[in-house]
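**Q** Protein chains in written order, with numbering that gives the first Met the number 0: chain A, 0 to 139; chain B, 0 to 159.
Calculated from the structure, these hints are not laboratory results. Positions of the beta carbon are idealized from the N, C-alpha and C atoms, including for glycine. Check the hints yourself; a few may be wrong.
[Claimed, not checked] The list that follows gives simulated cross-link-like pairs (lysine-lysine, DSS-like), each with its CA atoms no further than 27 Å apart:
id, chain 1, residue 1, chain 2, residue 2
1, A, 81, B, 113
2, B, 2, B, 124
3, B, 120, A, 81
[Unchecked claim] To give an idea of the chain A side of the interface with chain B (calculated C-beta under 7 Å), a few residues:
id, residue
4, 36
5, 49
6, 76
7, 83
8, 110
9, 113
[What the hints assert, rightly or not] These stretches of chain B come out as covered by chain A in the derived footprint (C-beta under 8 Å, 3 or more residues):
id, segment
10, 35-43
11, 112-124
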Amino acid sequence: MALKASALKVGDTHSEIVVENLSRTQIVQYAGASGDYNPIHTDELYTVQAAGYPSVFAHGMLTMGLTGKMLTNYVGDGRLAKFGVRFTNQVWPGDTLESKATVAAIRQENGQHFVDLTLSTVNQDGKEVVSGSATARIDP
Amino acid sequence: MSKITFPVEASHIMMFARAVGDTNPVYHDAEAAKATEPGGIIAPPTFPQAVAQFDPDYHLRPKAGQKWFGSAKGPSGVEGKPPSSGGLHAEQHFEYHRQLRPGDVLTVETKPGKTWEKESKRAGKLIFKERISEYRDQNGELVITARGVGVTTERPVDQG
């Protein structure tokens with residue numbers, strides 16, 4: 000179910016709630032799967048008392064992964080050519096995140112159609128936690 | 000410059016997809032994945048970062064017989080650790096030449112990129128360091144290029 004260039008226009012959007020009330024356990028799950036065991040993500044005692052943060056917080060890459068879920072749901076399986084983000088604010092346990100893709104351009108390169116997207120993931124207060132861009136192969 | 004061998008396995012992909020809450024069968028159900036456009040299980044887009052599992056020296060994994068800076072009896076297992084440890088992730092970019100599949104055996108080579116500094120109100124002096132990683136498959140083909148930017152902060156990021 001790939002996107003079609005003929006059915007897209009600049010400014011089209013797709014958004015999803017990618018996590019609700021983020022749990023510390025999901026952050027632990029991400030640490031285990033990714034191999035990033037930095038205690039600032041999973042160890043409240045260390046993070047508060049030694050690192051000086053109010054609580055543990057999500058791996059940036061978990062937020063990117065959550066954003067990527069919205070992205071692949073939108074563009075289809077195996078269609079991504081590029082995906083990049085900037086981590087603009089931290090994500091905390093209890094956060095609910097909404098990710099949005101906006102069509103920035105629809106173009107053709109060597110006969111292949113592509114869509115360029117701008118990406119934004121915001122928390123429950125509307126604060127942006129990830130901004131980024133992606134490019135996906137689409138059908139004519 | 001380091002070279003890491005990264006075997007891509009179906010169970011690892013399944014666990015990774017679970018961790019990002021992605022229930023798409025293309026990441027865990029070989030039978031259902033046959034009917035999708037890729038025709039089989041593929042890895043989710045941020046999976047390449049799990050190469051950390053295969054880096055023998057990865058500094059953010061506790062290692063047997065070595066002191067770990069996370070809490071144990073006290074808030075940190077290492078005395079005199081600076082309060083802002085290790086740094087934060089500022090940016091991450093992937094370019095996909097093809098999708099990763101179970102059975103791929105990747106060789107990942109990482110090289111340092113640019114370094115720059117910035118003053119920030121929320122965290123003091125910031126030092127940014129770029130790392131470029133090339134993921135090549137068992138045939139020597141470039142499958143993924145990744146560019147990560149890490150930032151070391153002078154103090155913990157102010158939440159105000």
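**Q** Any of the earlier hints contradicted here, and which numbers?
**A** Those not satisfied are hints 2, 3, 8, 9 and 11.
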